[in-house]
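J.: Protein sequence lines correspond, in order, to chains D and S. In terms of UniProt numbering, the first sequence opens at residue 1 and continues consecutively. In terms of UniProt numbering, the second sequence opens at residue 1 and continues consecutively.
You may find that some hints are simply not true.
[To be verified] Computed list of lysine-lysine pairs in DSS-like fashion (alpha-carbon distance at most 27 angstroms, straight line):
hint	chain 1	residue 1	chain 2	residue 2
1	D	Lys140	S	Lys176
2	S	Lys94	S	Lys140
3	S	Lys140	S	Lys176
4	D	Lys176	D	Lys140
5	S	Lys140	D	Lys176
6	D	Lys94	D	Lys140
7	D	Lys176	S	Lys176
[To be verified] Among chain S residues calculated to face chain D with C-beta under 10 angstroms, some are:
hint	residue
8	Asn79
9	Thr82
10	Thr102
11	Glu106
12	Thr109
13	Ser114
14	Leu117
15	Ala120
16	Ser130
17	Asp131
18	Ile136
19	Gln151
20	Thr178
21	Trp181
22	Gly190
23	Ser209
I should point out that these hints are in silico values taken from the structure, not numbers from a laboratory. It should be emphasised that the depicted structure is a prediction, and the values quoted were computed from it without experimental measurement. Beta carbons are placed, not taken as given, at the ideal position from N, Cα and C, and that holds for glycine.
Protein chains: 2
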Amino acid sequence: MTVPYDCIIVANGSFPTTARPLELLHQTPIIIACDGAVQALYDRGLAPTAIIGDMDSIPLSLRELYADRIHIVENQEINDLTKSVFYAHEAGYKHILILGATGLREDHTLGNISLLLEHAPLFDRIEMLSDYGLFIPLTKTATLTSRPGQQISIFSMYPCGEISTEGLRWPIHNRKLTAWWQGTLNEALGDTFTITLTETARIIVFCASGK
Amino acid sequence: MTVPYDCIIVANGSFPTTARPLELLHQTPIIIACDGAVQALYDRGLAPTAIIGDMDSIPLSLRELYADRIHIVENQEINDLTKSVFYAHEAGYKHILILGATGLREDHTLGNISLLLEHAPLFDRIEMLSDYGLFIPLTKTATLTSRPGQQISIFSMYPCGEISTEGLRWPIHNRKLTAWWQGTLNEALGDTFTITLTETARIIVFCASGK
Numbered sequence: 001m002t003v004p005y006d007c008i009i010v011a012n013g014s015f016p017t018t019a020r021p022l023e024l025l026h027q028t029p030i031i032i033a034c035d036g037a038v039q040a041l042y043d044r045g046l047a048p049t050a051i052i053g054d055m056d057s058i059p060l061s062l063r064e065l066y067a068d069r070i071h072i073v074e075n076q077e078i079n080d081l082t083k084s085v086f087y088a089h090e091a092g093y094k095h096i097l098i099l100g101a102t103g104l105r106e107d108h109t110l111g112n113i114s115l116l117l118e119h120a121p122l123f124d125r126i127e128m129l130s131d132y133g134l135f136i137p138l139t140k141t142a143t144l145t146s147r148p149g150q151q152i153s154i155f156s157m158y159p160c161g162e163i164s165t166e167g168l169r170w171p172i173h174n175r176k177l178t179a180w181w182q183g184t185l186n187e188a189l190g191d192t193f194t195i196t197l198t199e200t201a202r203i204i205v206f207c208a209s210g211k
Numbered sequence: 001m002t003v004p005y006d007c008i009i010v011a012n013g014s015f016p017t018t019a020r021p022l023e024l025l026h027q028t029p030i031i032i033a034c035d036g037a038v039q040a041l042y043d044r045g046l047a048p049t050a051i052i053g054d055m056d057s058i059p060l061s062l063r064e065l066y067a068d069r070i071h072i073v074e075n076q077e078i079n080d081l082t083k084s085v086f087y088a089h090e091a092g093y094k095h096i097l098i099l100g101a102t103g104l105r106e107d108h109t110l111g112n113i114s115l116l117l118e119h120a121p122l123f124d125r126i127e128m129l130s131d132y133g134l135f136i137p138l139t140k141t142a143t144l145t146s147r148p149g150q151q152i153s154i155f156s157m158y159p160c161g162e163i164s165t166e167g168l169r170w171p172i173h174n175r176k177l178t179a180w181w182q183g184t185l186n187e188a189l190g191d192t193f194t195i196t197l198t199e200t201a202r203i204i205v206f207c208a209s210g211k
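Looking at chain D on its own, in the form it has when it is part of the complex (with noise of 0.2 angstroms):
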């Protein structure tokens, strides 16, 4: 199998429990932690390639331990997250996942998810995976692999342009969708399915991990 990534950034959130997010933890042979997510890669045998943070949240036994990777990135105007994709970017990985980034604190939920959209022009991929589901976000019209059934939600951001699908469901046609709740809940028909976007329009698009 090829792995689809070729950095892993592990985000100070819900730490993965499902298969899929910890093989790829694995699999995958770049892992720039933010600082509150070391203690849990090192409970599971995976050590980070980069620290990043201000290490308020790592034990000093691990800081000792990794010294050698530690990145103290000191800007209050971006979070942990943020920092280790711009290292991301800086040390020339193009295909992100990321992982850790949704659970706890709502707010920085919200928040994490609508970063992938301001980084997405940096990386040639780079997607957000919980253990519901993944997130991609699209600024241009394409077409996302699915299982027949699998849920898919559709998550406009301001301002947005004009959507339509193919594939799923209840298709949408040249449709702004003006609040959150009205693109989620659909469900792809088949192995694919096509999202189209007006220009301006910039989409967050989930899909389910159960069926």
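Fit chain S to the given chain D structure using the hints.
T.: For chain S alone, coordinates are given in the frame of chain D:
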């Protein structure tokens, strides 16, 4: 102490584990439960006044125990939480708190948060509490209570007008928030703060429970 709500609705997300939502469950006279929350309520010695949903998530023993208060609502277009909100509205309750509406699948979380604004016109007050904070929908200028240092995040819904703030550490002046992350991680300076909305602005305010 006056109980601030006359009705609590418990949705199918993460059941609360922290003191404040559990206290409110014990103090509030009416509990409307989505079917997936009935077992968790029962385990804590709490009996719902009404149970809403398609009853695929309630054990048979509890379905029998509570046969007198089960309301099966067949409508594929709206989720169980929305069905419960409409039930509370029809029953005449005016001050609603929603619990268990976040956690687990993030697309449900996002949908449920945004539905607060849809439902706000039906009640004098409708808010959502999680283990991490309180969500308040605002469609007009308001002054909210706070603790000095309390973390506050503001999320605009599309189409958004402009907002301004008083009493927050990083003031916002006549600004459209065009991405979810832009209004996150602000902080209350004192016991209240004020958010001023232009006519078309519609926002969700998140007041974090921790300091």
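J.: Each of the hints needs a verdict: does it hold here or not?
T.: Each hint, compared with the structure:
Restraint check: the Cα-Cα separation between D:Lys140 and S:Lys176 comes to about 24 angstroms, which is no more than 27 angstroms; the hinted pair holds. Between S:Lys94 and S:Lys140, the direct Cα distance comes to roughly 18 angstroms. Compliance with the 27 angstroms bound is thereby established for this hinted pair. Between S:Lys140 and S:Lys176 the alpha-carbon distance is near 15 angstroms, which keeps this suggested pair within the 27 angstroms criterion. Proposed proximity of D:Lys176 and D:Lys140 is supported: the alpha carbons are some 15 angstroms apart, at most 27 angstroms.
With a C-alpha separation of about 24 angstroms, the suggested pairing of S:Lys140 with D:Lys176 holds against the 27 angstroms cut-off. For the hint pairing D:Lys94 with D:Lys140, the CA-to-CA distance comes to about 18 angstroms; that is within 27 angstroms, so the pair holds. As the CA atoms of D:Lys176 and S:Lys176 are separated by approximately 18 angstroms, the hinted pair is consistent with the 27 angstroms bound. Proximity of S:Asn79 to chain D holds as hinted, the smallest CB-CB distance being about 8 angstroms (cut-off 10 angstroms).
For S:Thr82, the shortest C-beta to C-beta distance to chain D is roughly 9 angstroms, which falls under 10 angstroms, so the interface hint holds. For S:Thr102, the interface hint holds, since its Cβ comes within 10 angstroms of a Cβ in chain D; the closest pair sits about 5 angstroms apart. At a threshold of 10 angstroms, the smallest CB-CB gap from S:Glu106 to chain D is about 5 angstroms, leaving the interface hint in force. This hint holds: S:Thr109 has a C-beta 7 angstroms from the nearest C-beta of chain D, less than the 10 angstroms allowed.
For S:Ser114, the suggested interface contact is upheld, since its CB lies about 4 angstroms from the closest CB of chain D, less than 10 angstroms. Because the closest C-beta pair between S:Leu117 and chain D is about 7 angstroms apart, less than 10 angstroms, the hint holds. This hint is violated: S:Ala120 has a C-beta 12 angstroms from the nearest C-beta of chain D, more than the 10 angstroms allowed. Contact between S:Ser130 and chain D, as hinted, is supported at the beta carbon level, the nearest pair being about 6 angstroms apart and thus within 10 angstroms.
For S:Asp131, the interface hint holds, since its Cβ comes within 10 angstroms of a Cβ in chain D; the closest pair sits about 9 angstroms apart. This hint is violated: S:Ile136 has a C-beta 13 angstroms from the nearest C-beta of chain D, more than the 10 angstroms allowed. Against a cut-off of 10 angstroms between C-beta atoms, the interface hint on S:Gln151 holds, since the closest Cβ of chain D lies about 8 angstroms away. With its C-beta approaching chain D no nearer than about 5 angstroms, S:Thr178 sits inside the 10 angstroms limit, and its interface hint holds.
With its C-beta approaching chain D no nearer than about 4 angstroms, S:Trp181 sits inside the 10 angstroms limit, and its interface hint holds. Contact between S:Gly190 and chain D, as hinted, is not supported at the beta carbon level, the nearest pair being about 20 angstroms apart and thus beyond 10 angstroms. Contact between S:Ser209 and chain D, as hinted, is supported at the beta carbon level, the nearest pair being about 9 angstroms apart and thus within 10 angstroms.
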